Every structure is written in structure tokens, then in C-alpha cells.
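Residue 194 in the UniProt record's numbering sits at position 194 of the sequence shown, and the numbers go up by one each step.
Derived from the structure by calculation, the hints contain no laboratory data.
These figures come from a predicted structure and were not determined experimentally.
Hints should not be assumed to be uniformly reliable.
[Unchecked claim] In silico BS3-like links for lysine-lysine, alpha-carbon gap of 30 Å or less:
#1 K19 with K45
#2 K19 with K136
#3 K40 with K19
#4 K17 with K29
#5 K136 with K45
#6 K40 with K17
#7 K17 with K45
#8 K29 with K45
#9 K40 with K29
#10 K19 with K29
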Amino acid sequence: MPTHQVTPPLDSLVLYKTKPARVAALGEKIEIELEGGQTKRVRPKDIELLHPGPLRRLSELVPLDGEMNAAWELLEGGETTLRELAELAFSDYTPATVWAAWQCVAEGLAFVGTPESIQVRPRDVVEREQAERAAKEAAERDWRAFLERMAAARPAPEDAPRLSEVERLALGQSEHSRILEALGHPQTPESAHRALIRVGHWPERHNPHPRRCGAPIADVELPVPDLDEETRLDLTHLPAYAIDDEGNRDPDDALSLDGDRLWVHVADVGALVHPDSELEREARARGSNLYLPEGVVNMLPGLVTERLGLGLQEVSPALSFALRCDTDGEIRDIEIHRTWVRVTRLSYEAVEHRLNEEPFAALRAFTDRFRARRFAQGASRLALPEVSVRVEDGRVNIRPLPRLMSRELVTDAMLMAGEAAARFCLEHEIPIPFAVQPPPDSAEESTDLAGMYARRRGFKPTRLVLEPDRHAGLGLERYTRATSPLRRYSDLLVHQQIRAWLDGAPPLDRASVLERIGEAEQSSIAVRRGERLSNQHWKLVYLKENPGWKGQGVVVALEERRAVILVPELALEARIRVRDAVTLNQPLRIAVNEVDLPDLSASFRTLG
């Protein structure tokens, strides 16, 4: 902004928007000539006089060697004018010397101000500014070099700390990355994930999903108290069987038969994890174990499982549920005791071959009556494909889970314990979280894949509430989760409430139970999502590392120009373009086409 709006003379040197210009004609507006020969008409206030001229052409403003540093040293800390500065530095006052002097002022280092009032900055200020500018220029050079390395996918070892910014976006911990912006990439976790793989900062098979979902990724490291001395019912004379998947490391339930009574023994986690203890608060904050193909992240320290896991010690403490089941499958004569049990561990596969032997035949008859009642009450018969996904010794192993009667036996026994616990707590007015699920919106029960797929989509998630209500999927009017306290907080909470009643102590009130449910469920949502996305990730890693994979998909839904397929051997859902008309439940021979790990998607093609 000029200090005086004086009309400059013809052929004078003026400043227009930081650039030199020559006054070419005068009038109501002033015509100026700019570099490159263009002309422009401006108001007097839009320009500032630097030299009265004459300046015949802008090409006269050639670079000059002068004594600007000497002039600065002579004038340091004072004030000068543009004319004085030009004469001191170049021993002449011409448009060219004025323009050269003004460029030094415009640089803003040793001189600052206007043509008529230039401040000469002191040495300490200049040196500090020089250091700051040098550092800034070095940082800009370093930044440009870094971006070049990123664009070429050749990062240097020293780039790792800088890439943590991209990691934060990839993990959903921030919404913006200056690096991705500079490279022209979208500001999304998927884009950040892709960039980190491309430059080799993350291996291609890196699984970011648990951290992105906010699930805990490290085991608990807290001290575990000793087991209190408590009166327990000695059931060590009853054979007890913990039946689970081969290699299971947290056995928390076992079965015994005592005449016409079934005992469901559950690890007595409440004996070590007391309400509002540090262990309990940590379990509540985590919600549940995190089961990943890479391994398990526990909600409780490993020492708790080591001491309480059924069958891991010669004799185990348990919270045991006793019940009878009549010919109609109704549960009665419910009792709950703190017990000692002696447990034998067996796999589902081992028991499957012994179902006609005792005690397994009697156990099966017991649970079959209960199962028949559940189905009569509308329990879902969904039997969609399931697989186990494990990363073992660096390899992704996917194994179909067969429909074993031994697994159904154990499932129904656990559901019986859950119904028994719910009824016991209702009878004794013990506040607990009840598991409820409304019936599906649509789709009738079906035994084909497409029908089961549609029915599953119609179900709403199970909720934990204080008021008991029907669980439609299980076909039970009253139900709570009570058989997995080592790995699920809500089960532990039920145990703590029952134990308080057994001790004659006041259990937590309804408000406290509701608060704990809410906190744990928020964490459990992150855990379940982390598990689901991690399983999807490793299935896609398997396909990417086996590009020649071919298999069968079954059409389970139809969309415009696409079919939704289930791949049974992978328990994988995908969408595929089809040229010819297809029908529900039609099998299709398919091959993997492309896998996009950051996008968590795969495309398939049909085979003739």
C-alpha cells in the first residue's frame, strides 16, 4: 500500500504487486508496462513510485553487484530511504540500482519497510533470521526429498518416524495425513494402508483391524490374588469332562452326570476377580477376549486361566449348576454351588466317536430333550458354513468346522446352564444382564444356503438388558450368558452376582449392573468387529498367496447384474458379476480374480 498517492511521471519505475513496472502513459488511469511487454491500466493508489526515471524499457533492470552488506553494516540499527540505500550500495541512483536495492528490502532480512522509510535491522536479529531461514530451507529440501522417495516407493530407514503420521490415519487414530495429501492420495484409512504397504513400511499381510477398531492388542499384566478359603461342595468323585476344540487354552466349562442330574461346571472366576478390583475393572474395560487368527488377547491375566481353567490343575474350583430335565425338555430343580471338580479334557472329535458310550450317550439324551423343546419354541436351525482361520508358523490355515453332534451336545448343555442361571436369579431377585433377541423381520426357516442366508440377515443382534425377555434365536424365554467367565465379562458379572447371593452379601444393584453392562458392551463391539475384520483379512491373505485358487460358490442372493455367493470352504461372502441368469442355491465354479487387502475385498470370476 503506497504512503502517498502522487501521480508518478512518465517513464518512471513503479512497484505493482511486488513486480517492477514502467509508467507508459498518464490519464485518468495510469497505463503501466509489465514484464513481458503486457500493459495494464491502474489507479494511482495501486502503484508505488520507486524512481522517477527515465526508464525506457524494463530490460534495463539488470542484476547488479553492489555493496549491500557494507551498506547494512554502516546503517545497522538505523533508518534510511531507498535512494540513500541505492547510492551507498551502488554509488549511483538509477532505476537499475534502485530496483536492485529494493529487492534486498523485499527479501526482508537485513532491511524492511517502504521506499521512503526503510528500517535497517540489527545484527542479532539478522543472524537469527538467517538461521531460521536456513533451517526452513533445509527442512523443505528434506521434505521434497522424502516425497520423492515415497513416490518412488524407496523410503530410507530414517523415514520410519515420519511415516507414523500415515500409520495413525491407517489405524483410524487421525483423519488427515499431510504426506498423503502431498502425494495426492485420498485421506482414508484404506489409502494410508495401501501407501504403507507400497513403500514397505508394513508387510503386505499386516493386519491393522484390531487397532483400527480400538480393540486391545496386548495381554493384561496385573497381579493375581491367591484363592480365598471358601466352603465348597466336593464333587471330585463325579467324572467331569471339558469338551472343546483341539488346542483350546482356556477351558471354562465341563459336564458331569449324577444320576438324573446334569452338572455344568464353570470356572469360578469370581473367586479371584472381585467386584471393583483392578482385575475386574480391566476385564470390564476390555469386554471379552479378542480371538484373532494370529492368537488370543485375553481380558484377564494368563495366571487366572492357569489357576482356574477346568482340567489345568488336578482339582479345580468351579461354580456348578445342577439341574434336571424332564421328558418335555423343561429344566427344574436348579441348584448352584461353589465346588471342587476333577476334570478330564477331551476334544469334540474324540467325543464324537464315543457318543454311543456312557456317559456321553446319557448326556446326549439329556440335551436332546432340551434341544427338542428349543426347536418347538422356534429356535433357529441356521447351519451356515463355518471355518477356523489360524496363522500358524507363518502360514494361513483355513479348516472347515464340521457339524459335530458332540459340539451340539456341549452347546445345549451351556444353554441349559444359561437358562438355569437366568431362572435362579429371577427367583432370588438378583440383578443380572439377560440376553434377549427379537424374532427376525422376515424369511422363514429353511435348510438351503440361500434361505439360511436370508434368515440370518433378518436377525437383530443379541442385547444385554436388565429385564428378561425372549431370545428368539435360541428359542428360550429366559436366558443369560454364564458359562464363559474367563473370556467374556458379562458372564463374569453374572457369577459375581450369584456368588454374592451365595455368600449372603448384597449383590450390585440394578443401576450398577446396567452401568457395567454398558461399559463392557462398548468394548465388546470393538472386539467383535476386530475379530470379524481380522478373519476376513486373513482369508484374503490366503487367497492372495494362492492366486491359482479355484473352488465352488453358492448363489445366496441376487442383485442387479450381480450375484451374492457364499464360498463354503472359506465361509466367505462375495459378489460376482454373472453374464447368464442364475438361480438361488445354484453352485458356481469360481476362481479368484483379484484381492485388495487394504480395501478388504476380493473379486472372483466364474469358470466354464
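Results for each hint:
1. K19 with K45: With a Cα-Cα distance of about 15 Å, the restraint between K19 and K45 holds, given a limit of 30 Å.
2. K19 with K136: Distance ~25 Å between K19 and K136 Cα, so the pair holds.
3. K40 with K19: holds (13 Å)
4. K17 with K29: holds (17 Å)
5. K136 with K45: Distance ~35 Å between K136 and K45 Cα, so the pair is violated.
6. K40 with K17: holds (12 Å)
7. K17 with K45: Answer holds: K17 to K45 is near 11 Å, not above 30 Å.
8. K29 with K45: holds (10 Å)
9. K40 with K29: holds (10 Å)
10. K19 with K29: holds (19 Å)
Of the hints listed earlier, the one the structure fails to meet is number 5.
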